[in-house]
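Asker: Sequence:
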Amino acid sequence: MIEVMELIYEKIGEVLDKAVKILSAHPLCDYCLGRQFSTLVYGAGNDEKGKAIKLSLIMLSLLQGKDSEEARSILRTLASTGFKPAIKTLQALGEEAPEARPC
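Note that numbering that gives the first Met the number 0 numbers the sequence shown so that position 77 is 76, with each residue one more than the last.
These aren't lab readings, by the way, just hints derived from the structure by calculation.
One should not assume that every hint holds.
Derived PhoX-like pairs (lysine-lysine); straight-line CA-CA distance at most 20 Å [what the hints assert, rightly or not]:
#1 Lys20 with Lys10
#2 Lys20 with Lys50
#3 Lys87 with Lys65
#4 Lys10 with Lys65
#5 Lys83 with Lys65
#6 Lys50 with Lys87
What follows is a set of in silico ranges between Cβ atoms, one per label pair, in the way DEER data are often shown [stated by the list, open to error]:
#7 Ser37 with Ala91: 16 to 22 Å
#8 Asp66 with Gly42: 35 to 41 Å
#9 Ile11 with Gly42: 15 to 21 Å
#10 Glu2 with Ala91: 36 to 42 Å
#11 Ala99 with Lys65: 19 to 25 Å
#12 Lys65 with Glu98: 21 to 27 Å
#13 Lys10 with Glu98: 30 to 36 Å
Beta carbons: idealized from backbone N, C-alpha and C, even for Gly.
Throw the hints in and build the complete structure from the sequences for me.
Answerer: See below:
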């Protein structure tokens, strides 16, 4: 069971790393981000997949520590897509959110 969980964590990490790279280059909306991972989940819309990925990135960023520059960089990247939870999280951390760029 432990080996299976380690593999799952590794694969989830790969998806999230890929999402950060994509979002750093292109400010995608939830739908367009979810479309990049369309073959991973069936029965959920692309917008749901994109939102789930972005929310996961926020949670994992905060687990790194609120003062982590890498975490804040990821939050700024997400906020630049207009993702409201990332904008509100940055504001709660006392940081101004960047201007949203269109998808």
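Asker: Evaluate each hint against the coordinates.
Answerer: Comparing the hints with the structure gives:
Annotation: proposed proximity of Lys20 to Lys10 holds, straight-line Cα distance about 16 Å (limit 20 Å). Restraint check: the Cα-Cα separation between Lys20 and Lys50 comes to about 16 Å, which is no more than 20 Å; the hinted pair holds. Note on Lys87 and Lys65: the hinted pairing holds, with a Cα-Cα distance of about 14 Å set against a maximum of 20 Å. Under the criterion of a C-alpha separation no larger than 20 Å, the hint pairing Lys10 with Lys65 is inconsistent with the structure, at around 25 Å.
At roughly 18 Å between alpha-carbon atoms, Lys83 and Lys65 fall within 20 Å of each other, so this suggested pair holds. The straight-line distance between the Cα atoms of Lys50 and Lys87 is roughly 15 Å, inside the 20 Å bound, and the hint therefore holds. The given range of 16 to 22 Å is broken by Ser37 and Ala91, whose C-beta atoms sit roughly 32 Å from each other. Against the hinted window of 35 to 41 Å, the Cβ-Cβ separation of Asp66 and Gly42 comes to about 39 Å, which satisfies the hint.
The hint said 15 to 21 Å for the Cβ distance between Ile11 and Gly42, and at roughly 18 Å that hint holds. Checked against the hint of 36 to 42 Å, the pair Glu2 and Ala91 passes, with Cβ atoms roughly 38 Å apart. Hint check: Ala99 to Lys65, Cβ distance near 22 Å, so the stated range 19 to 25 Å holds. Separation of Lys65 from Glu98 is about 23 Å and conforms to the stated range, judged on CB atoms against 21 to 27 Å.
Roughly 34 Å separates the CB atoms of Lys10 and Glu98, a value that falls within the hinted 30 to 36 Å.
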